[in-house]
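Undergrad: From just these sequences and the hints, can you work out the full model?
2 protein chains.
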Amino acid sequence: MTDTAGKVTIKGLAERLGMSKASVSYALNGQPGVSDATRARVLALAAELGWYASSSARALSQSRSDAVGIVLARSPEEVGSESFYMNVLAGIEAVLSDHDMNLMLRMVAPGPEPRRDLGVYRRWAGERRVDGVIVFDHTVDDPRPSMLAALGMPHVLVGAAVDAEPSAFGANTTVDQGRDAGTVMEALHRLGHRHVAYVSGPQRLTHEAARAAGVHAHAARLGMTAAVSHSNYTADDGAKATIAVVAGVVPGSALFPTALVYGNDLMAMGGLRALKQLGLAVPGQVSVLSWDDSILCQLGSPSVAALARNTMDLGRRSAQLLLEAVAGHHCANAAMPAGVLQVRETLAGVLP
Amino acid sequence: MTDTAGKVTIKGLAERLGMSKASVSYALNGQPGVSDATRARVLALAAELGWYASSSARALSQSRSDAVGIVLARSPEEVGSESFYMNVLAGIEAVLSDHDMNLMLRMVAPGPEPRRDLGVYRRWAGERRVDGVIVFDHTVDDPRPSMLAALGMPHVLVGAAVDAEPSAFGANTTVDQGRDAGTVMEALHRLGHRHVAYVSGPQRLTHEAARAAGVHAHAARLGMTAAVSHSNYTADDGAKATIAVVAGVVPGSALFPTALVYGNDLMAMGGLRALKQLGLAVPGQVSVLSWDDSILCQLGSPSVAALARNTMDLGRRSAQLLLEAVAGHHCANAAMPAGVLQVRETLAGVLP
DNA sequence: CTGAAAGCGCTTACAG
DNA sequence: CTGAAAGCGCTTACAG
Chain E
564 MTDTAGKVTI KGLAERLGMS KASVSYALNG QPGVSDATRA RVLALAAELG WYASSSARAL
624 SQSRSDAVGI VLARSPEEVG SESFYMNVLA GIEAVLSDHD MNLMLRMVAP GPEPRRDLGV
684 YRRWAGERRV DGVIVFDHTV DDPRPSMLAA LGMPHVLVGA AVDAEPSAFG ANTTVDQGRD
744 AGTVMEALHR LGHRHVAYVS GPQRLTHEAA RAAGVHAHAA RLGMTAAVSH SNYTADDGAK
804 ATIAVVAGVV PGSALFPTAL VYGNDLMAMG GLRALKQLGL AVPGQVSVLS WDDSILCQLG
864 SPSVAALARN TMDLGRRSAQ LLLEAVAGHH CANAAMPAGV LQVRETLAGV LP
Chain F
564 MTDTAGKVTI KGLAERLGMS KASVSYALNG QPGVSDATRA RVLALAAELG WYASSSARAL
624 SQSRSDAVGI VLARSPEEVG SESFYMNVLA GIEAVLSDHD MNLMLRMVAP GPEPRRDLGV
684 YRRWAGERRV DGVIVFDHTV DDPRPSMLAA LGMPHVLVGA AVDAEPSAFG ANTTVDQGRD
744 AGTVMEALHR LGHRHVAYVS GPQRLTHEAA RAAGVHAHAA RLGMTAAVSH SNYTADDGAK
804 ATIAVVAGVV PGSALFPTAL VYGNDLMAMG GLRALKQLGL AVPGQVSVLS WDDSILCQLG
864 SPSVAALARN TMDLGRRSAQ LLLEAVAGHH CANAAMPAGV LQVRETLAGV LP
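Chains as they are written, first to last, in our numbering: chain E, 564 to 915; chain F, 564 to 915.
Hints were generated in silico from the structure; no laboratory data involved. It should be emphasised that the depicted structure is a prediction, and the values quoted were computed from it without experimental measurement. Where hints are given, some of them may not hold.
Identical copies carry no separate label here, and so any pair may be met within one copy or between two of them.
As the list claims (entries may be wrong) - Straight-line distance between alpha carbons at most 30 Å, and here's what the computed DSSO-like set of lysine-lysine pairs gives:
no., residue 1, residue 2
1, K574, K584
2, K574, K803
3, K584, K570
TA: Laid out in C-alpha cells, this is it:
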C-alpha cells in the first residue's frame, strides 16, 4: 500500500531510480545491458513497491498471452462426476503454474450439431487470448486438429490413439488402448471368462474405437467371444446398455456374458445397479470391470475392479508437450504407461 | 484464410475501407459517431476477414482483462472426486461466457501454512490479469477479503455465512446453514432419532462452524443430543471419525448415536464403509446422511440420504454478483434457497 | 553499460 | 459524421 495513486509502472520505477524505462525493463527481465549493481537496485525497488508487469502490455508487445486454453464439451454433470477431467486438469495446472502460465477454462454444451467449441477456438485465436490449447475427447474425423493448425494455434491431444500424428503445432500424449485391452482380456481369460461384453462410450471417440478393436482382436486371439455395444458415459446409459446386453440371455447358457466391461466408472456403477435389479449376482454370476478407475469404484459396494491409469500424469505430460509446442520446438508423441488392473470385489473367476 | 500475412487488425480494416482507425473502432464497438451505412460496411468486412479485437490491446487500453479468476486450494483428489466444485464452476462458466468473460483457473496445494493462494491473488492483481475473483471455502479469520479489498480487486464469496458483509468490492452468495441444520435435525427427530453425531469438515471453514452451531441449537430445541467432531473431507477421514464416534459405545445404549450426519459425500461413503466393518447395520442400527448430495450418494449401495442443493445455481448467482461488482455496482448478498432432503436407503426410523 | 524512440493494437477525447 | 493524435505499459532494436 505504498502508493495509492494508481499502479506502479515501469515508468514510475524509472523516474524514481533516475534511469530510462529500457534499463529498468532489461534489469527486470534478466536481460544483458545493465550492471549488476543497477539490476539489484531495480529489483529491490520493484519488490518494495510490489511491481508486476502488466499482463496486457507484455502480451501486446511480445505477442504472447502466457495462457493456455481448454474447452470442455461435455455436460457439467459428466465433467463433475467423472473425476477424470479434474485430475487431468490438476496435472496440467501443476506444470503450467510452474512455468508461470495461466489456464483458461471454458465449458460448452455438448450438443454435437452446431459445435460451439469450434467458435471458442476461433475466437481465442483471433483475440490472441491463449498461446495454445489442450484438446480433450479426440473423435473420429475430429475437425479440431486441422482447424487449429489453420489458425496457427499450437495444440496437444490428451490421450490420443497411438497412431495420432504429431504435427508442427504440437505432439500428443497417447494411450495404447489395444495394449490395455490385452491386459483386461487376458485377466478375464485367466479367470475362466470366455464371453465378454464391452459397454463402450460413444464410438465416435477414437479411444473407444481403439478399445473396441482391441477387445475384438484379443478375444479372437484368446479364443473368447466379445460383444461391444456403444452408449453414453452416464450411469443411466450404463444401466440401459446392461439390460440390453443380458436381457433374454439365460445365465449359464453359452451366450451369457460372464464379464461386463464398462467404458467408465459411471457406466459401471449404473450397470451394477441394473444387474442387482435383474437379480444377477456380482461377481457370482457376472464380473464387472471399469476401464477407468476412480473413487466411485473404490468406495462402491461392492467395490468395482478397474483399470487404473495415472491421470494426473497424463495432464502433466500433455501440458509439457504444449509448452514445447508454444516455444516452437518439435516433439515426439509421449506414450503413457500401461493401465494397471485393480482387482476388487466385482471381479471373480467363473465357476466350472 | 484470406490473409496469410499476419493477423488482420483495425489498421488493416481501415486501410481497405479507406477510413480512419477511429471510425472503424466506433463502428465495431457499436459506439455513436458513424453512419449506419458505414457501420454496416465495416462489420461486413470484419466478419469476412474474421477480425477479432486483440485481447491484450483492448485490455491495455481499457484496463479490463475480461477474465475472472478462481484459485482452488484443495488437493486435486478432493476437487476431482467431490463434484461440488465442478458443478459450481459449470454454473459460473455459463454466466461468464454469456457475458464474453473468460475463466482463469488455478489450483494450489492446500498446505495451510505458507498459503500460496494469497500470492496468486497478489500477482493477478499486479499483472491486472483478472477483473475479479470468486473465492471458495471461506474460513474463520479469512485473510482474503481484506487483502482483496486492499488490492482493489472485486470479489465474491461462494456460499458464505448469512452474516458475511457485502463490501464495496462485491456481495456474496450465502447459505443459511442454521436453517439447513433445522431441516436435517427435524427430519431425524421425526424419525425418532434422539442422539445424533455430526462428522464435520474442518472447523476453520465458516460454513462448518455455522453447521455445527445449527446442529447444537436445533438439538437443544428439539430435545436431542448432538455430538460434533471435526475431520477432513476425505473418505478415509470420514471412516476414522466414524470409528472414533461409535467405538466403545454399545449400540442401543442411551449414548449411542442412531444417526450419523457427514459434512460431505466422501466422508459419508467412508463412514458407511467403516460402519460395515464394525458390523453395524445401516439403516437398521444407524442412519447415515450426507450434507452434500452427489452421484456418489445416488449410486452408492446402499444409496445415501443427502441434503441436496442446487450447486450449478450457486455458481451462476456468484458469477452474476461478481459481474455486478466488476461493473462497479453495489449489490446485496444473494441468499441461496434451502437444501432439500433426499430420502434414500441409509435413512430410516428408530425402532422402539 | 545506458537512453531516446518506435512499435505492439486497440480506445477515446478532441478538433473539424 | 469523420480523422489525426495521444495514450494504455510494456519490449526491443538502435545509437551513443
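Undergrad: Find the hints from earlier in the document that the structure breaks and name them by number, from lowest to highest.
TA: The structure conflicts with hint 2 only, although it agrees with all the remaining ones.
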